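*Asks:* Use these hints to put chain Z onto chain P, whose structure you have.
Below, each chain spelled out in residue letters.
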Amino acid sequence: DTGVSQDPRHKITKRGQNVTFRCDPISEHNRLYWYRQTLGQGPEFLTYFQNEAQLEKSRLLSDRFSAERPKGSFSTLEIQRTEQGDSAMYLCASSLAGTYAYEQYFGPGTRLTVT
Amino acid sequence: AQSVTQLGSHVSVSEGALVLLRCNYSSSVPPYLFWYVQYPNQGLQLLLKYTSAATLVKGINGFEAEFKKSETSFHLTKPSAHMSDAAEYFCAVSGGSNYKLTFGKGTLLTVNP
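Line by line, the protein sequences give chains P and Z.
Here the numbering used here is used: the first residue of the first sequence is 1, the next is one more, and so on.
Here the numbering used here is used: the first residue of the second sequence is 1001, the next is one more, and so on.
Chain P with its partners taken away, still in its complex shape (with noise of 0.2 Å):
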């Protein structure tokens, strides 16, 4: 059991640029979610998936906000058109579905700096 893993685990971008984010889950994790944590806060919800399908993405915080996974496996979280306000660290959970899909498991998160 490898974990979550997230690439990269931390990203610059200047402000206008398009970023994209990815994320691998534990192998036999069907759910996958994406949250986004700011200083001084505690995680946010954006979106989350089930297998390929993604069954919540009214969190995603503007249109600029994607998130995709398409084989059912990982999952990339892209930003278009960066501002200074999305800097943050941007993280993603797994868990099982049904009765344990309440435990989710952490990756060590993407921090972003738009400058």
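So, partial list: chain Z residues that the calculated Cβ filter (under 8 Å) puts toward chain P:
#, residue
1, TYR1032
2, SER1094
3, LYS1100
4, GLY1106
In silico DSBU-like links for lysine-lysine, alpha-carbon gap of 30 Å or less:
#, chain 1, residue 1, chain 2, residue 2
5, Z, LYS1105, Z, LYS1068
6, P, LYS57, P, LYS71
7, Z, LYS1058, Z, LYS1068
8, P, LYS14, P, LYS57
9, Z, LYS1105, P, LYS57
10, Z, LYS1105, Z, LYS1058
11, Z, LYS1105, P, LYS11
12, P, LYS57, Z, LYS1049
13, P, LYS14, Z, LYS1105
Reference listing, derived: stretches of chain P covered by chain Z, where coverage requires no fewer than 3 residues with Cβ under 8 Å from a Cβ of chain Z:
#, stretch
14, 37 to 46
15, 95 to 108
Calculated from the structure, these hints are not laboratory results.
Model, not experiment: these values are computed from the prediction.
Think of the CB as a built atom: it goes at the ideal place given N, C-alpha and C, for glycine as much as any other residue.
*Replies:* Chain Z alone, transformed into the frame defined by chain P:
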């Protein structure tokens, strides 16, 4: 709707002293409750969870928490603090079909030698 309030953004204890981190929640459905720990520049590690079984929950590293429905609380305790416990702790609530976690703002625990 669900929410979590963590009382005290910063708690400082001496090594060997009792650790008490407070969490109150609000939920319109029966809640599942969690405590996570976050070390600097790392993700969150699950310490313990309440999922409607026993109200006193034991977790890793000697931590435990008690679910009190009448007080809508889920406070985290540890009898004797170690230096390695210094970290940020987050209380979270979940409930409903999407299983999303709603977190509090966190409590930074400092352990003094």
